[in-house]
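Asks: The primary structure of each chain is shown beneath.
There are 2 protein chains.
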Amino acid sequence: MLDPFFKPQGVAVIGASRNPHKLGYGIVRNLKEYRYQGGIYPVNKSATEILDLHCYESVAEVPDPVDLAIVIVPAPVVSKIIKECGQRGIKHAIVISGGFSESGEEGEKLEEDLVSVAEEWDVNFIGPNCIGTIDTHTPVNTTFVAGMPESGEIGFCSQSGAMVASVIDWARGAGVGFSRIVSLGNQVDVNETQMIEALHEDDQTKVITAYIEGVSNGKEFMKVAQKAAEDKPVVALKGGRGESGARAVASHTGALAGSAEAYGAAFERSGILQAGTMEEMFDWARALAWQPLPKGKNVAVLTNAGGPAILAVDALEKAGMQLAELTAETKKYLESRLPKAASVSNPVDVLAGSGPGTYAVALDALLTDETVDSVVVIQAPQDWFLPASLAEVVGEVAGSHDKPVIASIMGKASVDEALNILHKRKIPNVAFPERVASVLKAMVKRKEWLDIPQQTPEQFTDFNEQKVQKSAAEKDWKSLLVEYGIAFPPEQFAENKAETVTVAESIGYPVVLKLVSESVSHKTEVDGVKLDIRSKDEVTAAWNKIKEAAELADVDMEGVQVQKMLTGGQEVIMGLRRDPQFGPMVLFGTGGTDVELLQDVESAIAPLNRLQAENLVDATRAGIKMKGWRNQPPADRETVITYLMRLSQLGNDLSNIDELEMNPLYVLSKGQGAYAVDVRGTLVEDEKVVVQD
Amino acid sequence: MLDPFFKPQGVAVIGASRNPHKLGYGIVRNLKEYRYQGGIYPVNKSATEILDLHCYESVAEVPDPVDLAIVIVPAPVVSKIIKECGQRGIKHAIVISGGFSESGEEGEKLEEDLVSVAEEWDVNFIGPNCIGTIDTHTPVNTTFVAGMPESGEIGFCSQSGAMVASVIDWARGAGVGFSRIVSLGNQVDVNETQMIEALHEDDQTKVITAYIEGVSNGKEFMKVAQKAAEDKPVVALKGGRGESGARAVASHTGALAGSAEAYGAAFERSGILQAGTMEEMFDWARALAWQPLPKGKNVAVLTNAGGPAILAVDALEKAGMQLAELTAETKKYLESRLPKAASVSNPVDVLAGSGPGTYAVALDALLTDETVDSVVVIQAPQDWFLPASLAEVVGEVAGSHDKPVIASIMGKASVDEALNILHKRKIPNVAFPERVASVLKAMVKRKEWLDIPQQTPEQFTDFNEQKVQKSAAEKDWKSLLVEYGIAFPPEQFAENKAETVTVAESIGYPVVLKLVSESVSHKTEVDGVKLDIRSKDEVTAAWNKIKEAAELADVDMEGVQVQKMLTGGQEVIMGLRRDPQFGPMVLFGTGGTDVELLQDVESAIAPLNRLQAENLVDATRAGIKMKGWRNQPPADRETVITYLMRLSQLGNDLSNIDELEMNPLYVLSKGQGAYAVDVRGTLVEDEKVVVQD
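Protein sequence lines correspond, in order, to chains C and P.
Just so you know, we're using the numbering used here here: the first sequence kicks off at 13 and counts up by one.
Just so you know, we're using the numbering used here here: the second sequence kicks off at 13 and counts up by one.
Just so you know, the hints here were simulated from the structure itself, not pulled from any lab data.
Backbone N, C-alpha and C define an ideal beta-carbon position, used for all residues, glycine too.
Misleading hints may appear alongside valid ones.
[Unchecked claim] Using C-beta positions, here's what the derived DEER-type ranges look like:
(1) P:E650 <-> C:E530: 36 to 42 Å
(2) C:N508 <-> P:E563: 47 to 53 Å
(3) P:L462 <-> C:K231: 48 to 54 Å
[As the list claims (entries may be wrong)] Short derived list, chain C residues pointing at chain P, Cβ under 8 Å:
(4) S115
(5) E118
(6) G252
(7) L335
(8) F397
(9) L398
(10) A400
(11) M422
(12) R437
(13) V513
(14) L543
(15) L610
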């Protein structure tokens, strides 16, 4: 459907100009200069020729074949032009013009107009307020930006035009090829999700990269991106991760909200690799486009100098990679081939006196070694052999194996030729050896994601639909969770002191007393919880203290909840939080009163299958502890996993729940179960926090 | 003392060669080509002329003045040459030759020889196994590496020759100037500490940078580096931070050990900024050399595009910087000058249509604004004005204010001229806007370090020296700590069940019972601790359980320690650990059985003054919690600070203590004190862990 944007039969440029300082000139120049083979039809009433091309008075006059219009006229005229395009049978347009929703109220009206005209005349369009598109294979360049990257395998779409311009410039300087580059602009029609789909369908694109500030529809985005990621790597850079950044995004594009955590969890789920910086995004993209994925985390480092190898090793270790052991055969072989003082353990140091021949021998041996999943080749500057010759050698030897090789031919002034050769040979090079670590980590991460069996989440049905609806409507969180199979410790409400004693004796010591009051959220903040009560006397004392604390804090005391106290368990937090973009997220981590302090809570998009629930648990320190820590026996992980799956289904089943949090959830030892002790929740558009114990 | 290495009166090159493929040729070439103004005296028996310079048969023949020898002869001949130098009155040498300790036993012997000959003849030397030195201001280039950086303000010394070669190459390509560059080689004579001192004394060097794998003497290094850092910024990149990296360092240089943590703490204390990567080191160095320090963390971002600004803002926020608020006046002024749709809040977006004139006006306004401590200027690629003109404008406007400005003129192909101008104007530029964050963070960190008043640590004298020595010798950790003013809860040993009951009743409930046994380290691992015992019956039950557990674990039970149980306090860990390089380090953090899991322990080099102790506490989550968290009252921070200072003195006083650890140390609420509950310790060269409660 988006094909005519990238492989048009003919292109009309409405608003073409003879003035070299106008964008309408740059567009015609780029179409021509970068060898677009179809018809180029400048449209401009007051000119007869632009850059030796015949100029047309109106769209209607443009001859066949033509299926793409590039519109660069003042904002108030754009709708009219789109209508003319529709009438002429041009069903695809790129609206470069600015002055729409990004520039205030007036522009917003013009944009609404544009949308309805385009719908009426069935014109698909990219923009407005964008800088165009490039397909290096067609080739076609609809931008006004000087320069065009070489043909390549990386597709890039961006919600920032500036980022497109800088990527074009960077790609030219660095000699990195691209397949397609797309500036999405205000994306009132064609959006990032459709563009990712288009890049997915494009055979020339081997890796999809995207600069994303927000998505149009979280769930749809995840579906499309995951489908794409199953076939080819998708790397995204998210703008607006911090608080100030998010505010800036809102004022930049007015993009729909969605928390940075939710984006992280959504990317994770869909198999999108989230880069931290632009540099990282394109380091990764080159490696993913050019090299096979490593089978595992074992890296061999081949170097002619110790220092740079050490920096690479430090960075690799920090990124969770490990140094391959190397077999005895490999070491023996290297010993017989390398200089006497060389290091034949990993990192393998051929020493400064070794040239491309020695590198070739050593690289071949390392790539053959079964303990090696990938190889990093470092060359510190030297001036007794041509760096380009090493580039040729690495390219050739790597090409005859099926393991990834990343190069770091260091330096700047002396190595340009070598970098060109490496890029031609499809060996990614980074100027500083530390950068190899994040590249290999991204590759391993993709490999692991691809290896996850795609189980459908289990569908639980062992609950009463009516009860569920009623409990949710009444914010009776406990009943709701019990219905979904989550257990609570025995407990009972008591209205006065005497009743409390009776109830405590019947439940059995030790017990916990908790203040019951409509108006209190964090009970510990008014000292409304008394733990580990072991006798009648202690019950009385605790009641008095709670009463006193409630009076002090000036809150109504309706009574206390008497609860069986659980001992020897591990306190975790488990909950749901609804993201405006990606829907319900399940969160899990170390619980208790220090939750915010410990910052050990991770989240994942609902629903969760078993593996996803396990991964969520394992990503937290709480999860590590649950496997048995010091003298503590392993906790009942199985129950926790089941709860997470059930809770994730609850989040999907009930769209009116905004937040639901069990803290603590008491996890007893293996086989003994887990018990929710405290639950808080809110319904969507429900400002007031409702407490229940 | 090291002056002749950088400002020699005349240079003899022993081992000079006419063969362009030999290092001995490259050295003579570099001396000549890079305009060394003193006499250059090649020494080679079999040549009469090298590169049009007269060649001498031996060192003895070289005419005056000459005070530096560059030695590039086979390793076995080096000692003889050094002797000849000494005899000739040349007291400084750079030994380029390899084949010494780095290459095995034979080389080690040669190195020992070299050291004793040099001592005998009083010759100071850099190397062996190095690639020489550069002083761009003299100028003199004693390396054989092709190319020479421009004159500049950055001094660099390195324990890796490869790093020197790559920095030379990078500097040439990036147009960054250096003052001095030094390859230290095996540094058996001149070492990294002396070199940092020499760079400190050099007026041309405004910033010291160093690649360090190990230091020769930790305490001396700290002293010299701190003195240097008080005058000029010192930035270090530490090689061998991870486990594998540290192993590689050991095999690379055989450098003395010292943990990565200790290096971090030593750098922190001495005011050395620790960079994470080479790129970061030189990003920081340029900014620190060229720009004033910011007064604080408030950054204004000035941009012509939203996306790149958002990425910069994300990175700034992550680095702990914040966006300046901007005064109402500034906003009003910008509103009157910038295009209508521009953003006049921070980040200030002048929009793609604005050129260098608009940037000038906005930059001047931002630098004038009192809420702004520093400004980041971003330019996304455009092609309607010369990027170089923006570079001129930024340079000029920044020059008339005293706040730091960091630029990110993005792109590669189109901006070379602009970068040259920025570098000439001393405005650091980074190709990707995210990199500004780490630069500004480093500058703020330096500012904060410079602002710390240099208090001398308090010297405590309220203890009995004899008792201290005796306790330490007997590993009576408790007595030792009590002597140093650290409190323990009331406790008493009991040998059998009956005695335990009596003791418990006399101490008063609740109490804790702890297994006493010579052979147990982590008591909780044999279930040897029973907490919160409140009655006679519970004492009996606890005794039985401990007995049972001891039998199960097959350890001798000598009795139990009955201890007053402390309630309502916060469990922290506090300890000493002796580093082989930097001596005693004090550690502090969240305590309890989950210490390793929580990873909330920070360390600092002893001794600590009050501010350093406070900073150590504040760097941990435990410290944040101590200030009062949720319903918990503030803990007795004052006592903890005092303990840390006292403990740090203990570490300095007693050089035979290897490790000493209180976990948990129970910190009660403000004014209530803190009590050590469990102490473990080891003496230096004492393999066995001794436990005491």
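Asks: Each hint should be assessed against the structure and marked as holding or not.
Replies: How the hints compare with the structure:
no., hint, verdict
1, P:E650 <-> C:E530: 36 to 42 Å, "holds (40 Å)"
2, C:N508 <-> P:E563: 47 to 53 Å, "holds (49 Å)"
3, P:L462 <-> C:K231: 48 to 54 Å, "holds (52 Å)"
4, S115, "holds (4 Å)"
5, E118, "violated (10 Å)"
6, G252, "holds (5 Å)"
7, L335, "holds (5 Å)"
8, F397, "violated (10 Å)"
9, L398, "violated (12 Å)"
10, A400, "violated (14 Å)"
11, M422, "holds (4 Å)"
12, R437, "violated (21 Å)"
13, V513, "violated (19 Å)"
14, L543, "violated (11 Å)"
15, L610, "holds (7 Å)"
Hints 5, 8, 9, 10, 12, 13 and 14, counting from the list given before, are not met by this structure.
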